[in-house]
Every structure is written in C-alpha cells, then in structure tokens.
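Protein chains in written order, with our numbering: chain V, 1 to 290; chain W, 1001 to 1230.
Don't take each hint at face value.
To be verified - Under the rule of at most 27 Å between Cα atoms (straight-line distance), these lysine-lysine pairs were calculated in the DSS-like manner:
no., chain 1, residue 1, chain 2, residue 2
1, V, 278, V, 243
2, V, 209, V, 197
3, V, 278, V, 264
4, V, 243, V, 209
5, V, 205, W, 1102
6, W, 1102, V, 209
Stated by the list, open to error - Computed footprint of chain V on chain W, listed as stretches where at least three residues anywhere in the stretch have a Cβ under 8 Å from a Cβ of chain V:
no., segment
7, 1028-1040
8, 1087-1095
9, 1123-1134
Derived by calculation from the structure, the hints in this document are not laboratory data. Since we're looking at a predicted model, the values are computed, not measured. The C-beta atom is built at its ideal place from N, Cα and C for all residues, glycine as well.
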Amino acid sequence: MRQFFPVEDLARDERFVQTNMAERLADTRDPMEPESKRKSAKSRSASNRLTPDRPDASDRARSLMHGIMVGEIQALEGAGRTAHDFEAGDGSGDTIPFELKLDMARQAWDEARHVEISAKLGDWMGTELGEFQENTVLFEAACSNDPVLRLAGVNRALEGLAIDVFTQMKEFGDMAGDPYLEFCEDWMLADEVTHVKMGSDWLRKVTEKDPDRRTKALEFQQVVDKLFSFGGARGDHEESSFKLARRFRELAGFTDDENDTINKLGVDAFNERNQAIKQAQEAAAAFADA
Amino acid sequence: MGDTTSTSDAASPSGATAESTARAPFAPWDRRDLPGMFSVAETARRVGNYKWTEMKLFEALGGWIATIPELDIKMRLGAHCYHHAWHADLWNQRLPELREMKPERLTVPANDAIVRFIEAMTEPEAPELTIEKLVGVYRVLIPHFISAYTYHRNNTSEITDAPTIRSINFILQDEFDDWRDGEMMLQSLITTPEHVQRAASHQAKLEAIMVEAGGITGPGSIGGASPDGS
Chain V
1 MRQFFPVEDL ARDERFVQTN MAERLADTRD PMEPESKRKS AKSRSASNRL TPDRPDASDR
61 ARSLMHGIMV GEIQALEGAG RTAHDFEAGD GSGDTIPFEL KLDMARQAWD EARHVEISAK
121 LGDWMGTELG EFQENTVLFE AACSNDPVLR LAGVNRALEG LAIDVFTQMK EFGDMAGDPY
181 LEFCEDWMLA DEVTHVKMGS DWLRKVTEKD PDRRTKALEF QQVVDKLFSF GGARGDHEES
241 SFKLARRFRE LAGFTDDEND TINKLGVDAF NERNQAIKQA QEAAAAFADA
Chain W
1001 MGDTTSTSDA ASPSGATAES TARAPFAPWD RRDLPGMFSV AETARRVGNY KWTEMKLFEA
1061 LGGWIATIPE LDIKMRLGAH CYHHAWHADL WNQRLPELRE MKPERLTVPA NDAIVRFIEA
1121 MTEPEAPELT IEKLVGVYRV LIPHFISAYT YHRNNTSEIT DAPTIRSINF ILQDEFDDWR
1181 DGEMMLQSLI TTPEHVQRAA SHQAKLEAIM VEAGGITGPG SIGGASPDGS
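Excised from the complex, chain V in its bound form:
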C-alpha cells in the first residue's frame, strides 16, 4: 500500500458520481438544486437560510444531507489515511506523535458512525445514494504530505464548517418538527466539536517549537475557509446560508479573533459576489441598449 493516496483513486461503487472543487467552481449552476427541480426566482425564498417554509426546503435538505454523507465518507477516509501515512515519532519530519495516531483512529470510528447516521437520515428523507454529486474537496485537504496541514485544513477548517452545518440542520429539524433529525444532528455535532478541538490542540502542540510551520498551517486553514465561504454563504450576516455556530466553535478551541476572521471572509466574498453580479447586470444592460 502506498504511503500517500491520491484523491483520484478514492474507491467508490458505481452509484457515486464525483466532481472536484475546480469543476464545481467552473459550473455556474446551483449545485444544491437539480435541473428538474429548478423553479422561477419568484418561487424562491428571500432568505438563503434553510427553513421548512421555503418551497425548495425538501430538495435543499435532501441535497445537504447527501453532501454531509459523502463528506463523512471522505472524513473517514482522511482520518484513516493520517493514521496510516505517518510513522509514530516526535512530530518532526514525516512523523506524528503516537497519541495523534490514536486520535485519528478514533476519529475514523466517529466518522464511520456519521456515515451510518447520515445514510439512514438520507434514506429517511427519501434520498438515494449517489442521487447528488460528490465533491471530493474534503479528501483533497486530507492529502497534504504535512500532517499539520491536514489538521488545519480538515480538523479545523472543514470540521469547523461541519459544526456550522450541523447546528443549522439541528435547528432545521427542530423547526420542521422532526425530532429524529434533530436528535441525530445533535450527536454528530458533539463529535465534530471533539474533532475540531483535537485539531486545535494537536496543531498547537506539534508546532510549539516551529512557528513557521504553524503560520503555514494557519494560512492553509484560511485558504480552505475562504474556499468554503461559498461566495458569502457563511457568516454572521442575515443573508448567509450558514450561520457561524460561535458557541460550539469556542468549545472546539476557536478564538473570537479566528471566528471574526472567518466571518470577514464570508462578508468579503458576499460583497465580491454582489459586485460581480452588478457588473454583469450593467454589461447586459449596455448590450441591450446597443
């Protein structure tokens, strides 16, 4: 077995259709909305947040749950690879502490349960495996040859995002009168806080005497966080699809400054997107006038 495993070789059965971040960003269609279900702008809710009163709530929730499930599969694979890819040692070079390997094995078990939970929830919501595309970005973040970058990209940035998403799904379950969904999301949320805290603690410990490595890791985390600001879809502002779950993030080791930075990334991306839309509209109007 190879030491490092490329994202292109992730093993899936024939039901799964994969895409990567580059393809996803090049696709201008809304990935949350299947072509057949696309509705007029009039039928859409004014808010971006997932609430049961949206006309597209069912499809969005099903799509999101499928996205969670495939994300959990990749998180399982990523944790397993980190347990495998690095020898036990003092944390320098190609080694990681023995206890970090144990934590990664524990995370693999947790993620396996999350796949089980989200597969059952998807079934409960009427979704079939492979009904929506699988974006492999999470495993891409888990492919770095530096284990510290994996901790920053996966455990802090992406598992941090999972805290926000699960908090919203839990609220959605509550609002929709679905205690089954709320119950499961609450349990998964508890595990995610543990994983992010694990990432925060190990990142601090392993880079204790290597400030450059820590800076590089935190920069990588910001790149991943920016990638997942979804054009401003995540943040404290009302228009965001995913609100920052600040309380749970604090429990997981995020500082106020870090949460503010993630929020700012979302606001900047939101403004950039609005500016781009405005420019496109002006160009279209100029074209129509000409």
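Based on these hints, arrange chain W on the given structure of chain V.
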C-alpha cells in the same frame, strides 16, 4: 486498626457475642494460582510485540478505508481501526508498569518474518482486492492474535499479572467480535469458485510466512509442542 481488645473477649456492649469476620484470604470459589509462566521481562517482551503488531494492523485498516469501494466494509474498517488502536494504547500503558520506561524500545516486531508478514498482508491496494485485504486480517492475523492472547492469559500468573489479564480479556472480546464481522464480510464477498481460490491462495501465502515467524511473539507464541509445554 489500633484495637487492643483480646480475641477472647469480643463481646458487644449488649452482651451478645459478635459474629466473627475472620475469613481465609481466598474465598472458596477463588481458585486463582500464584505461579505463572512468564517473568516480568518476558511479559514486557510479549506486550511490546503485541503493541507493534496492533499498530501495524490499525494503520493498515485505516489506510485501506480509502481503497475499498464496498460502503458497508469501508465503514466497518473505520470501527475496527479504532479497536486495534485502543489495544495498542492499552499495551503502551502497560509497558512502563513492566519496568520499560521507554515503551518504543520494546515496540518491535518479534522477528524479520513478522515484518515480511505485515508487508505481504498490506500489499493489496487495488479496489478489486477487497477479498485479499480481508483474508489477511480476518483469516490469518486476527486468529493468530486470538491464539497468542489466549495462551498468554491462560499461562500468566493470575495474581501477579492480573493487569495484563484484564487488558487481554477486553481485547479478546474485540478480537472475537471483529473476527466474526470480518468472516461475515468475507462470506458475503466470496460467491464463486474463483473467489474461493483467491481467498485460499492468499491465506496460504500469508499463513506460511506466519508459520515461519512462529506467531505474533515469535516461536512459543502459543507455547511449544514439547511434552512439558515449553
């Protein structure tokens, strides 16, 4: 503590004779024996071999998760990966109690053959080789773990080495459960004569290396064949 009352005048203030609390140090149903087959050093050596092999096993299971297309098996391997990591952790904690203050010093394979066994077991990577991956773990390595742990538990001192026995009992429960899981996964995958041949051939290849190694802790992993069991 500090009681100077004579054993002959143990009457309560009310005059009733107190019931004796004197008992034998071992209850009639407690048949544990003091002698054991392993010294502290030999126990530490075996525990170090267990830890090394459990580590190799959880690393292999973790690494294989991404290479296996069958979703149910992918998930089971995630759970089993943690079980073996926990076993490695139990042995890591036991080593300093056996006077090895640098556990990594004894975290070693029993011999070169066991290293070759792990290399051969972890060689299959392609997604169509799930049978070979599972055969190595569930039809060769885990059965050898079960026999080595059982031998150790049944031959060590039940009193002086009780902490090792306690760990082995927890571990054996996992090993039996995982063995059953793995065997059921294999039986669900082996559905043609060609599959049977693949499984048997891979098992024979790995078993031969394990025999050369003499088991997980080397020759004597499950005792000897001599009349006195040595």
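Here is how each hint holds up against the structure:
1. V:278 <-> V:243: holds, 25 Å
2. V:209 <-> V:197: Holds: residue 209 of chain V and residue 197 of chain V sit about 20 Å apart, inside 27 Å.
3. V:278 <-> V:264: Given that 27 Å is the threshold and the Cα spacing comes to 21 Å, the pair holds.
4. V:243 <-> V:209: violated, 35 Å
5. V:205 <-> W:1102: Holds. Residue 205 of chain V to residue 1102 of chain W sits at ~21 Å (cutoff 27 Å).
6. W:1102 <-> V:209: At roughly 23 Å apart (the allowed maximum being 27 Å), residue 209 of chain V and residue 1102 of chain W satisfy the hint.
7. 1028-1040: Answer violated; 0 residues pass the 8 Å Cβ test.
8. 1087-1095: This one holds; 3 residues, not fewer than the three required, reach chain V with a Cβ under 8 Å.
9. 1123-1134: holds (count 4)
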